[in-house]
Structure formats: structure tokens, C-alpha cells
Amino acid sequence: MRQYFSVIVILVVSMMILLASLINFFIVQLEITWLSNLNPIIMITLYCTVLGTLIAAIFNKSIITPIKKLSNASREVAKGDFTVKTDYKSNLNEMKELFENFNIMVSELGATETLRNDFVSNVSHEFKTPINAIEGYVTLLQDKNQTDADKDECISKIIYNTKRLTSLVGNILMLSKVESQNIPFKKNLYILDEQIRQTIVSLETKWLEKEIEFDVELDNVQYMGLETLMYQVWSNLLEN
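Here the sequence shown is numbered in the working numbering, starting from 41 and rising by one per residue.
The set of hints was computed from the structure by calculation and includes no laboratory data. Here the structure is a predicted model, which means the values were calculated and not measured. Even glycine gets a Cβ: it sits at the ideal position worked out from N, Cα and C. Watch out, some of these pointers could steer you wrong.
Claimed, not checked - Straight line, CA to CA, 25 Å or less: simulated BS3-like cross-link-like pairs of lysine-lysine:
#1 Lys-136 to Lys-109
#2 Lys-136 to Lys-184
#3 Lys-108 to Lys-125
#4 Lys-109 to Lys-125
#5 Lys-168 to Lys-191
#6 Lys-246 to Lys-191
#7 Lys-125 to Lys-136
#8 Lys-203 to Lys-227
#9 Lys-246 to Lys-168
To be verified - Derived CB-CB ranges, DEER-like:
#10 Thr-187 to Met-264: 38 to 44 Å
#11 Asp-190 to Glu-253: 14 to 20 Å
#12 Ile-195 to Leu-248: 14 to 20 Å
#13 Val-261 to Leu-138: 45 to 51 Å
#14 Ser-161 to Lys-203: 19 to 25 Å
#15 Asp-192 to Asp-121: 51 to 57 Å
#16 Asp-259 to Phe-167: 30 to 36 Å
All chains, full assembly: derive it from the sequences and hints.
Set out below in C-alpha cells:
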């Protein structure tokens, strides 16, 4: 930017000298005696006025206009429009960087808004699966013909789905952090194949209703990732 303004200063000074020469030329050629007799202070004021007008025109084009455009785009983003893109060609590197950073910011805000909307729309669906599973296992427990082993298995699955509900509640709390741009992406090491097995087991009532049998052999895999969110991925894939 300093180089750019240095060029502007040189141009303005050159134009000022040229303008002064032209004014003097017209004064002499046209024999405008009243102008030639003006007080030097008035002449300097005249030069400064013309010079100020030129500087204002240049400043308006290079600084004010792009700032107004950026302000209008910011106003649209404030209304919830995250498709706004600014494309302004400027000789100022700082101004180019400002517009590029604005576009990046809008893209990130749009992605966050999409994540929030998807989360809200899917949360009711996510709650139905463990609740239905718990209801199904409680119904099985009421069957007097169930053996102790079967009852223990039902209780184990009820506990598992209860923990899953707790995890979903935690994910809902994460929504507020999503809105504040403070998403705690804390990864942990866990057994991925066991997670997939647990997901299949939690959906057992659905497989029984549709008479689907699973015969799954998985290699032991340790994975570093977001365990609760990955569980939702497997659940959505298997349930749909």
C-alpha cells in the first residue's frame, strides 16, 4: 500500500505542477489581468482546492468504493444470506486480502449454519432409535418366559441405549458451541469394530421386524476420532 500511495503522491504533485503551469499559461495568453493580480495566498488556495478535488476522486475510487461494497455485503450476511461473494479488483494488496478474507469468513459461516440446521433436523430422528430400542427390550423383560440370561442381555442393551441417549444430549449441548464457533473436536482412541457391532445390536429390533440376519466378521481396528459422532454415522447408514 505504501508503494501505491507513493505513486499517487508523485502523480498528484506532477498534476499540481502541470495544473499550475496551465493556469499561468491561460492567465498570460488570455490576458486575464485580474487573475494575475490576485494575492498569492488566493492562488495557493485555488491550487489546493483543485488538488484536494483530485485527491478525493482518487481516494474515493481506491478506498471508499470498495469499503461501501464490503459494507453492503456485510449487511446481507447479517440478514442470513451466506451465499454472498465479493469480487472487487483493486491495486491495493491489503484491499484484495480484505475481500478474500471476507469471502472465507462467509463460507465458514455458511458451513456452520448448514451444520446447525442438519443437526437440528436430525436430532429427533437420532432420539427415536435408542428410545424404541429401550421400549422393545423393556417389553421383552415383561415376558415371563424369558430366561435369566435373556433378561440380563435385555438389561445390558437397555443400559447401552441409555448411555447413547446421554451422548445425544451431550451432542445437543454442542449445538450452542457450534453457534458460537467453539466446537470442541476432541478425538479419542477407541475400538472401531466394537462400535459397529454395538450399532448393529442397538438396531436388532428393526432387523427382527424385517427378518434380516447379520453375519458380520470384523477385524480388530483401533481408530482415533470423534466416537459419538462416528456412532451417529454408522447408525444412519445401517438404519437407512
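Hints, verified against the model:
no., hint, verdict
1, Lys-136 to Lys-109, "holds, 13 Å"
2, Lys-136 to Lys-184, "violated, 75 Å"
3, Lys-108 to Lys-125, "holds, 14 Å"
4, Lys-109 to Lys-125, "holds, 11 Å"
5, Lys-168 to Lys-191, "holds, 23 Å"
6, Lys-246 to Lys-191, "holds, 19 Å"
7, Lys-125 to Lys-136, "holds, 13 Å"
8, Lys-203 to Lys-227, "holds, 19 Å"
9, Lys-246 to Lys-168, "holds, 12 Å"
10, Thr-187 to Met-264: 38 to 44 Å, "holds, 40 Å"
11, Asp-190 to Glu-253: 14 to 20 Å, "holds, 18 Å"
12, Ile-195 to Leu-248: 14 to 20 Å, "holds, 18 Å"
13, Val-261 to Leu-138: 45 to 51 Å, "holds, 46 Å"
14, Ser-161 to Lys-203: 19 to 25 Å, "holds, 24 Å"
15, Asp-192 to Asp-121: 51 to 57 Å, "holds, 56 Å"
16, Asp-259 to Phe-167: 30 to 36 Å, "holds, 32 Å"
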